[in-house]
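Given chain F, put chain W in place with the hints provided.
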Amino acid sequence: MRLFNLLFCILSTLYVSTTYAETEVQKVKVSDPFLEMHTGPSDAYPIFNVIERNESIEIIKQHTSWFLIKNNKEMEGWVHSSQLEKTLTLDGDSVKLKSFTRENYLEHTGEAGIMGGNFDTLSMMTVYANYALTKNLSAELSASQVLGNFSSRLILDAQLIHQPFPSWRISPYFSLGAGQIKTSVRSTLSQLTDRTDNTANVGLGFKMYLTRRFILRADLKNYFIFQSKNNNEEITSWQLGFAFFF
Amino acid sequence: MAAWLRLFLLKQLAVGLSLLVIMQATLIAEEQKSTPLKIESEQLIQPEVERREVKLDKIDTEDFEASAFFGILSVEDFGANPVYGTRFAYHVNEDIFFEGTVAQSTTSQTSYERISGQPLPLLAGNNSNLLYYNVSLGYNLLPGEGFLTRKKAFNTALYVITGLGTTTFAGADRLTLNVGGGFRFLATDWMAVHIDVRDHIFNIDILAEDKTAHNLEVTLGLSIFF
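Chains as they are written, first to last, in my numbering: chain F, 1 to 246; chain W, 1 to 226.
The following block holds chain F by itself, in its conformation from the complex:
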């Protein structure tokens, strides 16, 4: 019940912040040749109205690459950003509309994703986010969980990723990182105890640009776990996942 109350609070705050947020309606004159108004924010939705150049419109909001607009006859519809490019960048050449094509991947600021695979023989899953330092280099933080029958492990890593050919559709990378691994043993096995160890890892993999902002990633890593017992454990992990860039 407490969880439910918390949820209610979060949602009501969200509601308040979305409805009372200071949103300035942007009224503009169309400078593109024409705009096609779709009934929904996708190419799959039908076009029900076309707006000509010089008509004035109101831009209400944006959802992915689609803009909800209202024309002077109070009709609301969704227009793709590619058709609004001229209207939105009017007067200010420095203002660039952020579009997400494969070419734009080189200018991205970061990437986030999820992966799943194996850690030795056990199942592993990872959530990660990274920040692009240069076109080739990015700094990444990741959290992984490894689940076995007798123990579960939480791995927190920070790593540097180097992509020698970032413009390739399938772009290989190398990684070098360090972190901590926390092992929790199921209570029934009394001879083993919970512990936290430091780790270092080296890895390689590739990223493949699939479609608008969407990336496939394959990752192979070698973990060196510096155990308190003085004998280091070495484990290989492989994972496959999906990510998006922003």
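Simulated from the structure, these hints should not be mistaken for laboratory data.
There could be a bad hint or two in this list.
[Said to hold, decoys possible] Keeping only pairs whose Cα atoms sit at most 27 Å apart, straight-line, the calculated BS3-like set for lysine-lysine is:
hint, chain 1, residue 1, chain 2, residue 2
1, W, K58, F, K70
2, F, K70, F, K86
3, W, K58, F, K27
[Claimed, not checked] Looking from chain F toward chain W, a few residues come up when the C-beta cut is under 10 Å (computed):
hint, residue
4, H63
5, G113
6, V127
7, S152
8, S184
9, R212
10, F246
[Said to hold, decoys possible] Residues of chain F placed beyond 12 Å of chain W at every Cβ, according to the derived structure:
hint, residue
11, L160
12, F165
13, I170
14, M208
15, Q227
We treat Cβ as the ideally placed atom computed from N, Cα and C, and that holds for glycine.
Positioned in the frame of chain F, the structure of chain W alone reads:
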């Protein structure tokens, strides 16, 4: 009245009138001077209003979606019970979204426990509580519209979703694969109603043998885009 007084008053009146006339004239002249300027400035402002720049950062971007849901989760061997939780989604493009879910439920006794009247339950205390979280990838398979009346239509979408996560149940964290689908009904452009059907698949060894359990879940949710 003395003649000198009448003359004096007349003089005063003449001076006053002439002053008034001069004032009026200067006022008119001033007005004439300012009127064309005003028109000019109005014309100068006019096109500026038309060519107003768009402040891209002032446009409200709604790619995130938060929701609360409740429903029924059937845990294999442990009955069908209420489940409630929360979801958080990020829409990458018009087709693809990432979603994180946290939910909880409390399981009931197995049929065998109930029939045999065992004094000791299989799952004691907190072990009958089930908590799961997962991260999933969704795809809007069939975007569509639902027509309420001749003039009122709502955007809808049928989506498929799959992901990985952990289920904490019966004293252990269990790796869980979830597969399912859902129907999103956008009541307004910022609020949606969801109907979701998921299968949470995990391995369980609580009843002697290690087996794969399929746990079906049907939920109803309300979400807000922000």
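Against the structure, the hints:
1. Between the alpha carbons of K58 (chain W) and K70 (chain F) the distance comes to roughly 16 Å, so the proposed pair stays at or under 27 Å and holds.
2. Taken as a hint, the K70 (chain F) and K86 (chain F) pair is honoured in the structure, with Cα atoms around 17 Å apart against an allowance of 27 Å.
3. Taken as a hint, the K58 (chain W) and K27 (chain F) pair is honoured in the structure, with Cα atoms around 12 Å apart against an allowance of 27 Å.
4. About 5 Å separates the beta-carbon of H63 (chain F) from the nearest beta-carbon of chain W, less than 10 Å, and the hint is met.
5. Evaluation of the G113 (chain F) hint against chain W yields a held restraint, the C-beta minimum of about 8 Å falling below 10 Å.
6. The beta carbon of V127 (chain F) is positioned within 10 Å of a beta carbon in chain W (closest approach about 6 Å), and the interface hint is therefore held.
7. At about 5 Å, the closest approach between the beta carbon of S152 (chain F) and any beta carbon in chain W falls short of 10 Å, and the interface hint on this residue holds.
8. Taken as an interface hint, S184 (chain F) checks out: its beta carbon lies about 8 Å from the nearest beta carbon of chain W, inside 10 Å.
9. For R212 (chain F), the shortest C-beta to C-beta distance to chain W is roughly 4 Å, which falls under 10 Å, so the interface hint holds.
10. The interface hint given for F246 (chain F) is met, as the beta carbon of that residue sits about 9 Å from the closest beta carbon of chain W, less than 10 Å.
11. No Cβ of chain W comes within 12 Å of the Cβ of L160 (chain F); the nearest lies about 24 Å off, and the non-interface call holds.
12. Interface exclusion of F165 (chain F) from chain W stands, the closest Cβ pair being 24 Å apart, more than 12 Å.
13. For I170 (chain F), the non-interface assignment is confirmed: its Cβ lies about 19 Å from the closest Cβ of chain W, beyond the 12 Å cut-off.
14. The beta carbon of M208 (chain F) is kept farther than 12 Å from every beta carbon of chain W, the shortest such distance being approximately 15 Å.
15. Against the 12 Å criterion, Q227 (chain F) stays outside the reach of chain W, whose nearest CB is about 22 Å from its own CB.
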